[in-house]
Every structure is written in C-alpha cells, then in structure tokens.
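Please take these sequences and the hints and turn them into a complete structure.
Protein sequences, first through last, are from chains A and L. With the numbering used here applied, the first sequence covers 1 to 115. With the numbering used here applied, the second sequence covers 116 to 350.
Everything labelled a hint here was simulated from the structure, so no lab data went into it. Please note that the accuracy of each hint is not assured.
Quick look at which bits of chain A chain L covers, simulated, 3 or more residues with Cβ under 8 Å [unchecked claim]:
| # | region |
| --- | --- |
| 1 | 10-18 |
| 2 | 21-34 |
| 3 | 46-59 |
| 4 | 70-77 |
| 5 | 89-103 |
Since we're looking at a predicted model, the values are computed, not measured. Built from N, CA and C at the ideal position, the CB exists for glycine as well.
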Amino acid sequence: MIQGFLILLLCQLLGELLVWMLSVPVPGSVVGMVVLFFALIGYGKVPDSLRLSSEGILKILPLLLVPAGVGLMKHFGVISEYWGALLLSLFVSTLITMLVVALLLRKFISGEESK
Amino acid sequence: MSLWQHFQSQPITWLVVTLVVFLLASWLNSRAGKTPFLHPVLLSLSLIILLLYLTNTDYPTYMQGGQYLHLLLGPAVVALAVPLYDHLATVRRMLVPLLLGSVSGALVAAVSAILLAAWMGLDRALLMTVAPKSVTSPIAIAIAEKIGGFPSLAAGLVLITGAMGCLIAPLVYRLLRIEDPAVKGFVLGVGAHAMGTAFAFEYGMIAGAFGGLAMAMTGTFTAFMLPVLTSLIGV
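This is the structure we're talking about:
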C-alpha cells in the first residue's frame, strides 16, 4: 500500500516536472494521471499495492473536497452579487452540453452497446 | 475562553471537525434518500462555514488543519487513472464515439459557460471560475488554480452543476427519446461529472461505467484544452 501511494505521488511529481519543463498551464496532477494511465497500459496490469491505495483514496475523495469548498466563505461578496448570473449560466450550459452529447452519442453508439 | 483559544489554534481541531461534520452530513444525506441537493460535500461545507462564523474563526486558521486533506487531492486525481485503465477494453472498442462525445461535451460545456457568463457581465476571474464547471471537483480545483479563477468557488459551482445535471438528464432523455443505458451514463458523466456518475448507477452497471469513463475523459481533456481555448478566444 505504501508502494502504491508512492507511485501516485511520484506520478504527480513527474507531472509537475513536465508541466514546468514544457511551461504549459495544465495541472501537474492531471499530467500525472495521464502518465500513470500510459504506464499501466505499458505494464499490462494494476499492481496490487497501487489498486489498494488508489481505490482507498478515491473512496474518501468527497471528504478531500471539503476544505477547498469551505473556502467559499471568502467569496460571499461575489456570490451575493452575481448568484443569478452564475446559476443561470451553469443551468443553461449544462442543458446544452447534455443535449449535444446525447444527440451525438445516439447517432454513434445506439444499439451497439446497449445489450 | 483561553482553553477554546488554545484549541482553535490547533490544526488537529479542524481536522477532527471536518471528519465529524462529514460523517454527520453523510448520515443526513442517506437519511434523505441520497438526494444530490443534500450532497454530503455541500452539506458539510455549509455546516463548517456556519461553525467558523459562530466561533469567529477565519479560513486560514481552519486551513491549517484542512490543508492535510486538501493536499491529498493531487494523488487522488492521479488515482483516477486506475478506473480509467480498468475500462481500457471498452475505451479501445468504442474509441471514436467516446472521444467524440467527451471532446465535444468538454468543449460545449466550457465554451457555453464562458459565453453565457460573459454575456451576463461577469469579469475574467469569474469566467475562469465557471469554465471548469462540468469537470470533476479535484480536477476543476486544479484547473481554476492554473487559469486564474477562484478554486474554492469553482469547487462550489461544480457541486451545484452536478446536482443540476442529475435534474436535467432525465428531461434530456425524454426529449430525445434516449433508451440506451450507455448513452444515458455517458451524458451524465460528461455534463455532471462524479455526481452524475453516481446518479447513472441508478440506470445500472453499464450506465455507471460509461459515466465514470465520460467523467475521466472529459476532465482530462478539459484540463489540456481550457488554457489553449481561453487564450484563443481572448479572455
């Protein structure tokens, strides 16, 4: 399990390094995820310790989001001023997104994978 | 009073508060039938903010404890590679429709959110905050940090988007007569990330698996696409 956790941390570190070297504004952790994904394809299976750590950390993921979420208290001024515009853009944008994706996918995978 | 001041300055106090409140919120959420509108994260952060107000504690003091949990978001994002790898066979078999769906979904979600918010007169930092709203929170927080938005506000908007998406999806299925569970799950994963994926499992394992795939692919693509996109459309 410690090895698995170390793999996650090393991938993130490698991601941060790549981001810095290429000076692209992509989060290092996302680059680390891509690195790990291709490493797993190359290796051909998920090592037990990695599976243990990653499933463990993903299980508590909602808890990990709470501290950042509490930071909302810093933005109450902005929220009270713009909440209508924020909520409306979220709603309309999500509706459009779901309509577009559903239409596209219905064309391409309907019937093929539904069984 | 000085006893409280002593505890207030201990990081461990806020770690314990966060865990206790989260367990309480999860319990309340399952009592309420797991509705996305009483999401454990939304509920816990509201309760903790209330508590911080009542005890006159500022955010930096809270974060001295909270940072230990926050730090684990990075490796958690990396860990998303494992479920993605588990679905490799599906990804390979349906690479074109899956890529098409997640790429176009990620583009439409970010562009429409930015344009709508700009049209309603929000400033640049807020545009960069709504842009990752369809991306799973740990990735959205990292993106907002990178492109100059407000990470914690982005996290909140992501949660609200997730709840909205669970409400919108059934309407979309009815409107477009979608029956295929794979399509249902994928639509939820693209539009409403992790919360949508959890909701997709209600339609069965296939829908849930496609939701998870959609969430991981959309999040990854958005992280690479948004910085380029924002410089392209000049915001």
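Here is what the structure says about each hint:
1. 10-18: holds (count 3)
2. 21-34: holds (count 10)
3. 46-59: That given contact holds, which follows from 8 residues of the region 46-59 of chain A lying within Cβ reach (below 8 Å) of chain L.
4. 70-77: With 6 residues close enough to chain L, the hint holds.
5. 89-103: holds (count 15)
Taken one by one, the earlier hints all hold for this structure without exception.
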